[in-house]
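Whole structure, please, built from the sequences with the hints as guidance.
Protein chains in written order, with this note's numbering: chain Z, 2 to 300; chain A, 57 to 341; chain H, 15 to 138.
Treat the hints with caution; some may be incorrect.
[Claimed, not checked] Pairs of lysine to aspartate or glutamate residues, derived as EDC-like cross-links and limited to a Cα-Cα distance of at most 20 Å, are as follows: (1) Z:Lys267 to A:Glu314; (2) Z:Lys261 to A:Glu246; (3) Z:Lys246 to A:Glu246; (4) A:Lys318 to Z:Glu290; (5) A:Lys221 to A:Glu246; (6) H:Lys110 to A:Glu148; (7) Z:Lys170 to H:Glu74; (8) Z:Lys170 to Z:Asp4; (9) Z:Lys98 to Z:Asp74; (10) Z:Lys267 to A:Asp287.
Don't read these hints as lab results, they were simulated from the structure.
Computed from a predicted structure; not experimentally measured.
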Amino acid sequence: MSDIKYLTILSGKGGTGKTTVSSNLAVLFARKRKIVGADCDADAPNFGLSFGIKENDFSDWQEVQTNEKAVLDESKCAGCKKCLEVCNFGAISWNEKINKPEFNSMLCEGCGACELVCPNGAIKLVKINNGKIASVKTDYGFSLASGQLNIGATGSGKVVTLIKEKASKMAQNEGANLVLSDSAAGVGCPVIASIQGSDFIVAVTEPTPSGFSDLERVLGTVEHFRIPYGVIINRYDLNFQFTKKIEDFLKKNKIPLLGKLPYDKKFIKSLINMKPAVIEYPELTEKFEKILKKIKDNI
Amino acid sequence: MGKRIAITGGKGGTGKSTIATAVAVELAENNRVLLVDADVDCPNDHLILGIKRNKVKDIFQPIPKINKKKCKKCGRCAEVCRESAIVQVKGEFPVIIPDQCIGCSACMIACPFGAIEKDKKKIGIVYNGTFKKNLDYFSAETELGVEEESPIINALKKEIEGVEKEYDYVLFDTSPGTHCNVISALQGCEEAYSVTEPTPLGEHDGELSLKLLDKLKISFKIILNKSGIGDRKIIENLEKKYKTEIITDVPYSKSIIENYSKGIPIEGRSIKKFAEELTRGEVEK
Amino acid sequence: MTKKNVTNQEKMKIVVSSTGKDIEDEVDSRFGRCPYFLVVEAKKGEGISDVKVIENTTSEQMGGAGITAGQIISNEKPDAVITVNIGPKALQVLGKFGIEIYFAKGNIRQAVEDLIEGKLEKVS
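Take a look at the structure:
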């Protein structure tokens, strides 16, 4: 089990090409070794789509319950308002007409403070279905673990953790030695959940002020978790000046530059056709092979 | 006065911030506009518009502190903490792991000896600024490593409550996706514009955004960005399914991206059309 | 980083993240997800006197493993921990219990002997 390596692709800023990089690296890795893919964006999972896999193609959807919500038993409630006073998340409001609390499950963090403070035991924390996870075999020689957070539900980070655990089990069962995760945008809890447990992080950026600012934030987050990382500059030829600025930053901070990808409409066309670019346009393979080699040197 | 409008979307990189900033600039020609960058993970609006951010305040979250004089090492606090933020080893004082703490105070309620006091940890910063006459700006940014982001959005909203009456429009630029961050930013908005692109990924994630807006009972319409790169029909299907409409198509061009990379906000007919839509009156679902 | 300060200690209790159950196994790089912890008693000049194996029940966890592992180890009340790398949460747990942390790779016996001979640097 300790032999499985966990490689995670991040970006900070959305739309920089995370999923493009993840899907193409996955296909190329899978040609040489046994791998498992993990879609660690439980909010808006796209990794499967890049391989032409839609929600209906997963056959083993399984509901998950990572979070709890406070539920009121009105018959026991004496209307003392202690729960209203204690909730730090604004999830409890007061219904003056019936003199009872109302719970907003979208804001409820399931912390249990209200359950503890209620003198009559009128509040209970109850596990709720907040998402689902599944797996599927792609057409490219590897399996993929994925998930979907229920609309309006909390716990996206925890669902991502379950997806990673599922991918890990699949890797053990299938004798795979690499789990490649495509993560969500940003630096919040779903991204933190993707970072945890990784052996190496690949951060994808673009030569724009937003791309660079978000790169710094995401690398700062990865640094916090003390995990080694490298950077890919996507669409580097859109702004050579800015690309140089990023390269200088990487050099100065001794951060490995894993590769640069050009702006190419072929990448957009591939995503629209829901096929990895190295399959639709084999001439692009070399670019990704170079990146793959650099990653291998660093793991 | 102070009409709150959200610009949101499911997929990252579809152009929320690009469009939010562009329409803010356009609207500000004739209206008082407050642009709120609620993408607290990775705020970008100030970079697109070249706004100098001024720090308004630090945002804090309560965390517990053990009073060793009163603590009897009973372990009750560690038992009730659902976030694994309190670790107790037999015979030792419990230790607090600030990274894990979400500030719920359950431990303080449960402690039989009143041995837990309130300390605090910094979780973010609120900023403000000005772009030009009629266009002001507020934003917030999380401290790196913070997992619980709703308190940061709530702190940002609180700052705005004091001033929003002075504006005709308050535009909320949200994070991409549908998780708690986005929900907190959307709540309180009167209408929303979900930005998507005519690709399978844009359709998939766009639909999730619309489902969320539906659930939150916020009236919404669609903005189609990067129009021309794929099949418009797949987004027209969303129009029909969710009984809404695409109010403007923003074209895709390499020059727009190049300008974006230089920090130049976009403008043009499609943005003017969006601004007209906003000023027309109540959006009917 | 400061040089270790346990040179004059009596018996030291050291926990090491391990790839296996044996003192000759390698230090495991995954602190929270290693399959075993070895609890070793040793003294400068005298070497290793006792080895106990603990199975790491959090080895399958992808999130929060650091804290749970931190708890398991802290329950043993060791003086020091040897591992290859450690995440911020586990670091916080161990640090707050006053447990010293050292980084070392390779053979566990060697790593422990290096520690008690003062050859390893303490992680701050």
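Here is how each hint holds up against the structure:
no. : hint                 : result
1   : Z:Lys267 to A:Glu314 : holds, 18 Å
2   : Z:Lys261 to A:Glu246 : violated, 43 Å
3   : Z:Lys246 to A:Glu246 : violated, 41 Å
4   : A:Lys318 to Z:Glu290 : violated, 30 Å
5   : A:Lys221 to A:Glu246 : holds, 14 Å
6   : H:Lys110 to A:Glu148 : holds, 11 Å
7   : Z:Lys170 to H:Glu74  : holds, 8 Å
8   : Z:Lys170 to Z:Asp4   : holds, 13 Å
9   : Z:Lys98 to Z:Asp74   : holds, 17 Å
10  : Z:Lys267 to A:Asp287 : holds, 16 Å
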